[in-house]
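Asks: Construct all of the structure, not just a fragment, from the sequences and the given hints.
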Amino acid sequence: MVENTLHSISLYLPEIVLVVTLCVIIVADLVLKNQKHASAWIMLGGLATAGIFVMLQAGTVESIFFGMAAVDPFATFFKVLLIFTGIFVVLFSMKNRELEGYSSRMGEYYMLFSGMMLGMLMMVGATNLLLMFLALEIASISSYVLAGFTKRSLRSSEAAMKYIIYGAVSSGVMLYGISLLIGVTAATDINAINEAIAAGVEQTMMLNISVLMILVGLGFKIAVVPFHFWAPDVYEGAPITIAALLAVASKIAAFAMLIRLFSVSFIDASGLSTTGTWSSVEGIHWGLLLGGMAALAMIVGNLAALRQDNIKRMLAYSSIAHAGYILMGLVIMSSEGLTSIMIYLFIYLFMNLGAFYVAMLFMNKAGTESIEEYKGLGHRAPLAGAALTIFLVSLTGLPPTGGFVAKLYIFGAAISGGWIWLAAIAGITTIISLFYYIRVVRNMYFFKPDEDAGRIEFDISSKVILFALLVPVLLTGLYFQPVLEFARNSMLMFGF
Amino acid sequence: MELNIFGIGILTWIVFIPIVGMIIVLLLPDKNRNAIRWTAAVATGIQVVLAGIIFAVFDRAKLGINDAESFQFMEKYSWITVEAVPWVGRIEINYFLGIDGLSVLMIILTSLIAFIGVISSWNIDKMVKGYFALYLLLVTGMMGVFVALDFFLFFIFWEVMLLPMYFLIGLWGGPRREYAAIKFFIYTFVGGILMLLTMLALYFSVAYTDPATGQSVHTFNILHMMNPANYVDGGLLSGVDTTWRYVAWMALFINFAIKIPLFPFHTWLPDAHVEAPTPISVILAGVLLKLGTYGLLRINFPIFPDATVYFIYFMAALGMISIIYGAFCAMAQDDFKKLIAYSSISHMGIVVLGIAALNTQGMVGGVLQMFNHGIITAVLFLSVGVLYDRTKKRGLYDFGGIATQMPKYTGLAMIGMFAALGLPGLNGFVSELFSFLGAFEAYKWITIISVTGIIITAGYILWTIQRVYLGKTPEKLADLKDLTPREVLMFVPLIVLIILLGIYPAPAIELMNSSLSHLVEFINAGGM
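So the sequence lines, in the order shown, correspond to chains A and B.
Take the first sequence: its letters are residues 1 to 496, numbered as in the numbering used here.
Take the second sequence: its letters are residues 1 to 528, numbered as in the numbering used here.
Be a bit skeptical, because a hint or two may be false.
These stretches of chain B come out as covered by chain A in the derived footprint (C-beta under 8 Å, 3 or more residues) [as the list claims (entries may be wrong)]:
hint : segment
1    : 153-161
2    : 179-191
3    : 199-211
The calculated EDC-like cross-link candidates involving lysine to aspartate or glutamate, where the alpha carbons are at most 20 Å apart (straight line), are [what the hints assert, rightly or not]:
hint : chain 1 : residue 1 : chain 2 : residue 2
4    : B       : Lys481    : B       : Asp334
5    : B       : Lys31     : B       : Glu178
6    : B       : Lys126    : A       : Glu372
7    : B       : Lys126    : B       : Glu178
8    : A       : Lys448    : B       : Asp30
9    : A       : Lys448    : B       : Asp389
10   : A       : Lys448    : B       : Asp125
11   : B       : Lys126    : B       : Asp30
12   : B       : Lys126    : A       : Glu98
Hints listed in this document are in silico derivations from the structure and should not be mistaken for laboratory results.
Don't be surprised by glycine CBs; every beta carbon is placed ideally from N, CA and C.
Replies: As structure tokens, this is what we get:
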């Protein structure tokens, strides 16, 4: 037993590193009060170390802590994505003007940030309902506080309030669902739940209700319709770095958990080895339910984004729409679909963070979040303008950018699974999305800047970060085999 | 046949030389405008030379279309391959280029028009660097579509054209440029999405057996999609004459019809043409519209022969409507550019009618008409551009008596006008005659109605000549300068081709005859 625990700990090093980072940041915050970016560098070091440990686990397939969590390539894939996002957001935070008024509280910021990262890393690997819920709450509670971090800003406080109320309710519903599920199946381990369901449960009705309730909690996290109402307000009010984190990392972690929970617990896996597809448990047609949610998210997200003037709100609705596209991969219930989700998330990470980053740069230098006021910015800041154009084109899904490859695989998954109507909706909504993405581009370029407005210059480090986001977006558009193989191999060795 | 230059295939050169030019343009300083212009001229000039080489060594007897062995200058490299795993077969996307009689003329047309477009862009002064960078990217996209034999590659090149075109119209265009640019973008993007969905459906329905390993391989290879034996059992598009095949044909057809543009998908064209700067109008009418008909011939016809035959009357009827409707609309315009835009719709209708005949005559006429129309409208748009540069006016009633003011210019422009009218001895006559002859064999009444379009065309062209070039000069236009040597240079090659192909069209017809006859046989045999 001790041996097992020790062995488990050795496989839980990335999470442990983050706990240590969290503690070091608290102490360092007391000691190094005057160092501006001290906590940020500690956080970067912690994330990098955790990243190295994650890489060292590549290929491992093991269940640890007596079935509480799993270390498998599937989890590793998502952990890599999360750590990438974390590193980028720390870099963004160091550049963010909004946070400069709070320099004495930055230790607090990074402490909560590492707490959130810890929660998300745990979400990805958890294989037990209790740990899943715990991890979800660690991530959520840290993010509630972070959303209200710029507390002198009314918008930010309002955002945090809305987020916490909405979050508490959906967590409550989810917890109730979990308790029902445990009651029905007499198990907390997701594999044991699957066995219990496969053996046949008496109360099918109760089972279906419990799954629906769990879906509420996860739907809240990935901000998919109809659980999306918080997203625009929170993204608009929260510091833009946190909005980026919520739009990317939160979604990645929640999708990982959703996939693991659904594809392990609630499926009939008997066909898996021969056809690679599953069927859902009796009762509700899960595919249709998820497909309906995906379709709604695509329609609502894209239509609502049309009417936004604040770039953060626009990106919030666009990220709701993207959650819909990603969900399409789960609908067809096959490993191919899940692979396409992973490819999508990988590319989404870079293009969405890129869009948030340029929005932040423009807010720093031009002091505006309003798309109407972006007029002429493309002429004033050619590099950032061109970069934002590429990120938005990629979000639209035009070649030769990564966004096209992502859409190609997701659409392909839907078509190969025979969900033609869903693919058609995705196609139509993609056309709608063109309007609001291209509007930003139009405003940047089709208007002359004011006479007195000079060129906007960026320092070298800002440019380096920009290129670090830009290169993957363009590269994956032209040669995506490495991403494809990374995702596919991670999926094939889906452990627990 | 292969032709390598420094170890790289000639088609790769001709497609990517503009990209090289674009990178050089981007690295040059903003101020150095002439260096930027010359870079673009050299890059497109090299394309013309390469196209000349292709014309010289192209084997006229080889068939192409569905037979991989008889494509020429083929280049095929594995681009993305994912080895076989359980449940799904191997996946492959190839970098697969090659040309046959169908594409060779289009390559010559593209390189020529692109080069002339650069000469005509010489007096663009606003954001020169951005202009030529986008222009060169656009040229790569166009050329790429004509040589790609892998659907994925075809799609990428197709969509790559969108953004440069959007900016070129939207930033350098006329007063309503923004509206025109977004309209163009949305129309084409809608088509693109339809094509994307169809492409994916085809991909999942087609799997060929790799002779080396015996594995079943899903592929985007267009030639494999033409072989009925490669369709997997139970695939969405498997079988013959199924509803899904009709739906897929229609989705692709709408995409290509938007580009052609065929009635009722044509409304973006007059706006885009009127607002675009002259060189971009030239590119748009000269090459971009041909992508639509080319797509029909390269993808719709051979991959879906059953659906093609099923919808062929519908297609011919749309061609007829475009011919008549376009001509009448042209008659009603008082803006010179709009008139040419509608005449393009009318003339592209002839292409559609010709290829819809599904016989060799009509097909040859149609493809020749694509080439001829490209050259003729280029001359017409350049003529408008010359007048616009001098007077900043485009209204047909603003001019008069230009012939006495600018005799050299009028002479060259009139040749273009008469070629558009279909005067015997000029190239337009030959291709229109062939198209109508072929179509008459297949559809008597549709053709008879369509031919009346010629009379209307004669009407609006003669009327235009009368209004613009003849009569009395308004006082405001007293001293107009005749063509500069640069402007003569951009007209001459086109005018030479108009006359040459009018008198002796055989060199062009020889290039495509065998391929197109094969295509006709292939479709009429139901793709067997």
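Asks: The structure should be examined with respect to each hint, and the outcome stated for every one.
Replies: Hints, verified against the model:
no. : hint                  : verdict
1   : 153-161               : holds (count 4)
2   : 179-191               : holds (count 5)
3   : 199-211               : holds (count 4)
4   : B:Lys481 <-> B:Asp334 : violated, 24 Å
5   : B:Lys31 <-> B:Glu178  : violated, 27 Å
6   : B:Lys126 <-> A:Glu372 : violated, 24 Å
7   : B:Lys126 <-> B:Glu178 : holds, 16 Å
8   : A:Lys448 <-> B:Asp30  : holds, 18 Å
9   : A:Lys448 <-> B:Asp389 : violated, 23 Å
10  : A:Lys448 <-> B:Asp125 : holds, 16 Å
11  : B:Lys126 <-> B:Asp30  : holds, 11 Å
12  : B:Lys126 <-> A:Glu98  : violated, 37 Å
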